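Q: The primary structure of each chain is shown beneath.
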Amino acid sequence: MLELFGTEVNLAPIWLTLEVATMTTLILLVVGTPLAWWMAQMRSSNKVLLEALVALPLVLPPTVLGFYLLIVFNPTGPVTEFLRWFGFEGQLTFSKTGLVIGSVFYSLPFAVQPLMHAFEAIPHRLLDAAATLRASFLDRFRTIVLPLSRRGILIAATLTFAHTVGEFGVVLMVGGNIPGETRMVSIDIFDHVESMEYTQAHLLSGMMLVFSLAVLMLVYGMNRRFGVKVG
Amino acid sequence: MLELFGTEVNLAPIWLTLEVATMTTLILLVVGTPLAWWMAQMRSSNKVLLEALVALPLVLPPTVLGFYLLIVFNPTGPVTEFLRWFGFEGQLTFSKTGLVIGSVFYSLPFAVQPLMHAFEAIPHRLLDAAATLRASFLDRFRTIVLPLSRRGILIAATLTFAHTVGEFGVVLMVGGNIPGETRMVSIDIFDHVESMEYTQAHLLSGMMLVFSLAVLMLVYGMNRRFGVKVG
Amino acid sequence: ESATIAVASNFTKTIEVIGQAFEKETGHQIRFSFGPTGKLYAQIKNGAPFDAFFGADERRPKKTIEDGLGVKQSYFVYAQGQIVLYSAKYPVDSQPIEVLRSADFKHLSIANPKTAPYGERAVAFLKKKGLYEHVKSRIVNGESIAHAFQYVATHNAPIGFVAMSQVVDPKSPVYQKGAYWVVPASDYAPINQGALVLKRGENNVAVQAFMNFMKTQKAITIMNRYGYKVD
Amino acid sequence: MKQSIQMQGNLQLELGHFKLDTGPFDFPLQGITVLFGRSGSGKSTLLRAIAGLDKRTNGALQVGGAVWQVGKSHVKTASRDIGFVFQDAALFPHMTVRENLLYGLKRLPKSVTPMDFDSLVDKVGIRDKLDRAVTYLSGGERQRVAIARALLMRPKLLCMDEPLSALDWQAKAEMLTLLENLIADYGIPVLYITHVPAEVERLADRVVFMSKGRIESVESLQEALNRVDSPLFDEQGAVSVIQAKMLSPEHGLTPVQLGQDTLWLSGPALSDKSAVRVRVLAKDVSLALSDPQALSIINHLEVTIVELIPQGSHRLLVRLRLRDGQNLFCEVTQHSADRLALKPGLVVFALIKSVAVTN
Amino acid sequence: MKQSIQMQGNLQLELGHFKLDTGPFDFPLQGITVLFGRSGSGKSTLLRAIAGLDKRTNGALQVGGAVWQVGKSHVKTASRDIGFVFQDAALFPHMTVRENLLYGLKRLPKSVTPMDFDSLVDKVGIRDKLDRAVTYLSGGERQRVAIARALLMRPKLLCMDEPLSALDWQAKAEMLTLLENLIADYGIPVLYITHVPAEVERLADRVVFMSKGRIESVESLQEALNRVDSPLFDEQGAVSVIQAKMLSPEHGLTPVQLGQDTLWLSGPALSDKSAVRVRVLAKDVSLALSDPQALSIINHLEVTIVELIPQGSHRLLVRLRLRDGQNLFCEVTQHSADRLALKPGLVVFALIKSVAVTN
Ligand SMILES: Nc1ncnc2c1ncn2[C@@H]1O[C@H](COP(=O)(O)OP(=O)(O)OP(=O)(O)O)[C@@H](O)[C@H]1O
Ligand SMILES: Nc1ncnc2c1ncn2[C@@H]1O[C@H](COP(=O)(O)OP(=O)(O)OP(=O)(O)O)[C@@H](O)[C@H]1O
Ligand SMILES: [Mg+2]
Ligand SMILES: [Mg+2]
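Taken in order, these protein sequences are the chains called A, B, C, D and E. Per the working numbering, the first sequence starts with residue 1013, numbered consecutively. Per the working numbering, the second sequence starts with residue 1013, numbered consecutively. Per the working numbering, the third sequence starts with residue 438, numbered consecutively. Per the working numbering, the fourth sequence starts with residue 143, numbered consecutively. Per the working numbering, the fifth sequence starts with residue 143, numbered consecutively.
The shape of chain A in the complex, shown without the other chains (with noise of 0.2 Å):
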């Protein structure tokens, strides 16, 4: 608890939102750099059809979506089943791995799309040149592709990180608003909106978005400083 102009405002929900959103970055940096690569290579007309798809979870209101995922990882149903065979002993549901899974993919074309288009930008030559010098196919991807494509995956992780911190209708359908495990800062302004106590919602709204601001500076500005430009 924090106290702030004279309102008490509980820190628990932030810290949650920060977890969640950086665990959904990095899976979707993990889990979309192969797809994107993958698409960035394709020449087919499949990239066209993968592209739609990637960008789909847009088109569901994230309610809905959330009510879809209540259904599919619902504790008896299919999904949850088949991890139980890998040993997955809890509940997708109401619990932070939940919400994560959610995040993914309601964030997946944030990861994606940037990450496809920076790899595309890569010149063929520089992995060329690079095999020729005895790297490997995973050594060329870390030491030429990655390095090279810093200003896509800046942007990836900073649209898939702010997106999952103001989200809220896949967050709240799948998540159950537990407090301490998973009631997310957005949920929690929501709940302040909804009983009126508008002073904590904007409080907390005022340090989101401060906080927000500092951290999409800080990525846009090493960005630019630090840019590379391939000629």
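One should not assume that every hint holds.
Stated by the list, open to error - If you want a taste of the chain A side facing chain B, the calculated C-beta under 8 Å gives, among others:
hint : residue
1    : V1071
2    : L1171
3    : A1174
4    : F1202
5    : L1225
6    : L1228
What the hints contain is simulated information worked out from the structure, not anything from laboratory work. The structure presented is a predicted model; accordingly, all values stated were derived computationally and were not measured. C-beta: ideal position from N, C-alpha, C; glycine also.
Based on the hints, put chains B, C, D and E with the ligands in the right spot on chain A.
A: Positioned in the frame of chain A, the structure of chains B, C, D and E with the ligands alone reads:
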């Protein structure tokens, strides 16, 4: 009303959604284009601030953003007063105008980011060449910049459109869920879920998904077919 | 004549049925705007074009009177919600307290006690029975009573406190499935749902007619059918 | 040829670490003026400033009496009435060749009569490419289109920034001939950037030497080439460019007249002008004390040695005066000079294998 | 020099409308093998196929007994033990010069001893640039780094795709000398793409002629140059490349020995090898019936006329045999040939101004 699989589907929210999404997309293209061009040309550190500011609508939960828009656009508030000066007579909130304004704010980053990247990629020589061929600034913009930014414009348009279709929090808050006036599909689906009319909810969601997938594929496909390589 | 009436989400289904009866009988046109009570209040405060307000509790409709937006003498309690304990898995109809005390359920779904009166009363009931500390850590909070119901309906929570209306509606997905126990009215303060005419609708004959219609036996029968008590 | 116009001014432009500061300049724009200087000396920057393509330009610029720049205020590029050909052609990739050509024409004010589209297209040799997408043109074809696009506007001044540097030697040779003919036909003054000495010698009427953002000097081609340390000399060594009058071909050779002497050029005359420019490398000239016989070298010109200029590593540059007073350089080894006892004032014979006409 | 290895195979690769189909080839890789052909003939495509850089390659390839390709299956580029220098250097823009150089070294298996870093860096002349970002290097510097980066790996074969074409003439001249010395020092066989004849004449031991995706022929440089219609001849006309033995300098000139004759080369010897290659343009050679005196031309070689080859526009190419049997081309006009009554079998004197050594 449409009868589908023995269930009645009210089509009004669908038409409204398409109308609002189309208007939002058009407005954001018109407003976002000069903004994105200006940002693309910027070199100072203000660019960093601006990039962060543009990404900011992402950070607030949509309902909260909607809440603030509600306060700012309040019919006795300063913004409305200001517009009345210019002969504006209606109300910004609880109308189609409100839906569109809210969506414009919320989708701003999805329009500006791809446009800015497209503009940054245009070789300056081509603009110089056009200037020596007696083309004025606006002329160059229309005949060189816009055609060569087609890919970016398409991405901006599809992301904005998809995002507006799926938008829920802002339109619910600013629009007021008035049937026939501000009830969009996303809210309609939500209402169906709330009142346990799952069949209707599934039907509507399915329709939105199929329709959006078709639109997205069409757009990405066109983009690929007529894509102009600038080198 | 026509009117727009803001109605708490949980009452969506019921009031739509009443509205149809009303329109047939009087020829007036009523449009309903559904949403969480707190959100409706915020909208009314910011100039929403609503002629009357049907809340899910008494607090927020009364607040509109304080704010000078409601017509004081029009205020009345239109219905009382009833809480039921529902489960598809446990024999809550025969041994509700034993199940709550000793069953191995992982999650107990209730509506958010902070924003939804159903949740608040459920918590009060649990406290009264000395069960609250026992189940506290297993509670998941639906944002609304509808949301709390979705958790049990999708089997994500095996047991939950929901509204009577949600289990007795023949269209409910759990209709005649599982077991429910009506929490005795003596065990919790009545969930009075208050309604009033707003300043804007003060002289609207359709609103007056509808408010009167709500008090007729016809309307009361419908409300009873959907699980609401009317004194 | 049109009446010559004057270009005068003094331009400044700062780009990061680089500073263009020309100092005052004033030279006529008649014919072809070449901007010459090492890479990074600011040639492109100056040309862009002249064309008004950089808004940060400061200073003064007047062309043919019209004021284009005073301090920070300037006439817009679109109103300067110039054509510009960029090194990489800068064709609009989303248009066909024809659309590229018509782009400027459509924007020409009614008062200006454009060049005749058909005849220019034929001269430049792109008639059969008109409806092609520009993406698939070869480098040479791209430059043809770029040149035609600029010329169609009948500009008052044509600016060209290394228009040939991206081409291979065959394409380059074709383009040089084309350029010469076009410029001669249309009489439009040209500002031309290159760092290839052979292009300067072939095209230039006047050379603007640039170094480190300054205009070092503006010289006529003859002045520039008479300097033994001319920046125009490259790995081929010193060069003489001789003005001559073309006579009618004989024995498959083309004789040109230098005062009372005749110089035989091999190959057909590419140009139909009577005044030509002959480029002779100093290392292609040999000296003989008397007029030698039974030699396959055709050109034996009587010359007077003006001076002997040591060049390092035992080589000498010999400045010779032709009988009509023109300058001719010859490179010999110290060893040969000693053997033949060369010294200023001596009258000797310059032997030149038949050479190709340059202009 | 290392033992020569053989390259044999038959490669196919389809790229859109272009089809590489070499036909069977088999040639030794000793020294420098140049791939020569017009733009678009498939040189780069072939070199990339040889390096394993295009997965769509099909066919057979064996180098020094090791199988690199059989049908569609192939050894990965990373395991082929080749170095590759690209036209635009392809330096990694996010690394310093040193990091670029070490990139390959770090990935070298223990069994291979790399070149000595310090001595190579000195030879290539980039010691003072080691900690610079590569973005700010000049074109020549970039190529030096690229070459050093490839050589450090001590590859079995060095592939170079137009490594000098982006450079200006000064940088090009420096790089040619550097390349020659490096290749001679380290004895690594080289596959080299160029379409500049002067580079071929200077560097090649062997020329692979390509046209429309096919290997037309593989010839030694001598064979390639003895053809009067050699594709190697450009706008400068025919060229002879003469093998000679270097003697010690005298009078600031460098004499080289051709059998019993001596040819005087101007300028210092750039290479310290005794066997050199002298490049003589046919148009730099004149003929005299008797040995002329009092002439600044130093080299008077007694030669026999082998044949007279009409070249069009009244010019003749004369094939001469030097007294040691080597071939020398001379270009004269029909007019001179008539005047001197040149005919096969006649013994005449070839006059060559002192010329620069080429190799
Ligand atoms: N936009 C810019 N910002 C910063 N520096 C620049 C810019 N444009 C050019 N320069 C610098 O200005 C200097 C002069 O460049 P300029 O292109 O005018 O030279 P140049 O004489 O045309 O050279 P080249 O023969 O290589 O084309 C160079 O050092 C270059 O790096
Ligand atoms: N990836 C590709 N897809 C389609 N066509 C290609 C591709 N790469 C090259 N080509 C085509 O293959 C042909 C041969 O190209 P290549 O680069 O091998 O020629 P080159 O002999 O190296 O020419 P240059 O001297 O211009 O470098 C060209 O017509 C080119 O357009
Ligand atoms: Mg330049
Ligand atoms: Mg090539």
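Q: Compare the structure with each hint and give your call.
A: Hint check results:
Proximity of A:V1071 to chain B holds as hinted, the smallest CB-CB distance being about 4 Å (cut-off 8 Å). The interface hint given for A:L1171 holds, since its Cβ lies 7 Å from the closest Cβ of chain B, which is under the 8 Å cut-off. Hint on A:A1174 holds. Least Cβ distance to chain B is approximately 4 Å, under the 8 Å limit. Checking A:F1202 against chain B: minimum C-beta separation of about 5 Å stays under 8 Å; hint holds.
Annotation: interface hint on A:L1225 holds; nearest CB of chain B at approximately 5 Å, less than 8 Å. Below 8 Å, beta-carbon pairs count as interface contacts, and A:L1228 has one with chain B at about 4 Å; its hint therefore holds.
This entry satisfies every hint, going by the numbered hints stated previously.
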